[in-house]
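Residue numbers (this note's numbering), protein chains in the order written: chain S, 1 to 323; chain E, 1 to 323.
Just to be clear, a hint being listed does not mean it is correct.
[Claimed, not checked] Here chain S is said to cover these stretches of chain E; the calculated rule only asks that three of the stretch's residues, wherever they fall, bring their Cβ under 8 Å from a Cβ of chain S:
| no. | segment |
| --- | --- |
| 1 | 29–37 |
| 2 | 86–93 |
| 3 | 227–238 |
| 4 | 265–275 |
| 5 | 309–321 |
Treat the hints as calculated values from the structure; they're not laboratory data. Built from N, CA and C at the ideal position, the CB exists for glycine as well.
Now for the letters of each chain:
Protein chains: 2
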Amino acid sequence: MEQRLDTSIIFQPVQPDLREVEKLLSEVSAVPSPQLSAMLSHIFRSGGKRLRPTITLLSGHLFHYQPDVIIPAAAAVEILHTATLVHDDVIDNSPRRRGQATINHLWGNDIAILLGDYLITAAEELAARTNNIKTPELLAQTIMAITRAEIEEDFNHFNLNKTREQYYRQINDKTAALFAAAVTAGAILGKASRDEIIRLQTYARNLGMAFQIMDDILDFIGTEEELGKPVGADLRQGTITLPVILFLEQHPGDDSLQNLCEQHNNVALLQAALQQVATSSAITECSHIAQDYCGRAKQALGTLPDGDYRQALTAITEIVMAH
Amino acid sequence: MEQRLDTSIIFQPVQPDLREVEKLLSEVSAVPSPQLSAMLSHIFRSGGKRLRPTITLLSGHLFHYQPDVIIPAAAAVEILHTATLVHDDVIDNSPRRRGQATINHLWGNDIAILLGDYLITAAEELAARTNNIKTPELLAQTIMAITRAEIEEDFNHFNLNKTREQYYRQINDKTAALFAAAVTAGAILGKASRDEIIRLQTYARNLGMAFQIMDDILDFIGTEEELGKPVGADLRQGTITLPVILFLEQHPGDDSLQNLCEQHNNVALLQAALQQVATSSAITECSHIAQDYCGRAKQALGTLPDGDYRQALTAITEIVMAH
């Protein structure tokens, strides 16, 4: 977990900006409807690291930083991320997230669906404050990519024939797209050149891939305390991630996963499959793949303006690996 | 039902534009993912009247009509409307809508949640094509208003103390907001003056109020065939609408609704309450109130440029009453 590393190198350079982002989130929560306001406060205080808005702020600072447009964009990125979590928790029927009760657990699925819709559009409204049509467009395209990937994933539940390529394409859309949107918003609003935007997008796409792979590893080898939710959630729902795909490549004759796919709700079979994958060399291999993505992410930053902001972006790749 | 009236006066003036809107909807459906594409085609072909995009087109035609921006805005308005229906059907657990199977019925709730998110953001992406930041902002604010109203409504289920004022505020946000967004998009993109925009918004707000009141009446006096869904759906879910509020004002001692509120799932009590309200004078009173809203809607159009487009907007108020 990142607590092991000193994260100040990442957040320190944008500390005052992050306080402005928090102020905006408080403003968004301060609606006249008391129930809605309570839900918004609950969700914004549920312990997110604010990694994605930090990336937007850092990207903006690399160029012509304009707080009046980059702060709303950063807040919009965080709200959009939050929206996806609220709907994911309904879909996954999750009672907890980051150790806190979820919206669906506290207020029920119907309210959580509506709140997620509210959050998506609150993000779009903030994005419009940047007075640049590319910002709401970018965020819209990001949710389109995420939901497209999640719909595809849903149709692939318990499909042990899922390939690495399918997995990579899915996590590129499901996770890396939002990291890419985060840097793009900062870079566009900072008036970066086309080449600089592409470099940052390459950074963010690779970072996002590494982030998701490490997350998928943790679902096998983490503890419930670290995760803030039960271990093995992916496999329980039938989501086939890289550790499973690599394990099956290495053990084509193994039937622990096959058995689970035939009896989805059998807890003993789930435990056996989790154990098999968690103790296999697939985990180390996944970690190497994530490391490669991080290497590519770092490399993409190479010729961008040096200084605290670039160093912070570089440090994020290390945080991801220490995840 | 509107079949009784000749609706050509409404749709005829924008027939070629509506064909362009349909083309855009087909483009939106033509995504590489076969499952997503099937769902999008299903939902866009589920027999909507295209009333809201028609309103956008008519509003645009009153001024400097620019198809390259007004067509995407009209399509975005229709997609946004569709998104709200997809999520409402999950929340209401509806198997059918307009006589067709719903997304949740065909593909399950998880997929319907994701598809609704996809549709909201597909609408925002189309709105960005207008190259006017006000369009995505307007649509975002509309969904914020709708979800805020629906969250409030959810907390008021089976609350027989709900007042007319609460009801009017809720339907203003839940229904009239999207009619207002539809005219506003057309008017702004048609470069209408501030005063003209306000007149059209007054028209649309009043039209939307009338539309929802007539819809709420139909839920009591319509037939399952007319509605494309079972009668009494609102009351079954505990949604207290104007007919109930007026009935209770007139019959403060009546206990048919009180009994239902104490035993939500009792079918005999539901039938009794439906019957009581449907045969009461509350229905006629509601209809008069809707008529008043329509009058105000027509009046607001008064000084706007005369011709086929304004006549079509006027005719919509008559369609609503013949609903």
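Hints, one by one, checked against the model:
no.	hint	in the structure
1	29–37	holds (count 4)
2	86–93	holds (count 3)
3	227–238	violated (count 0)
4	265–275	violated (count 0)
5	309–321	violated (count 0)
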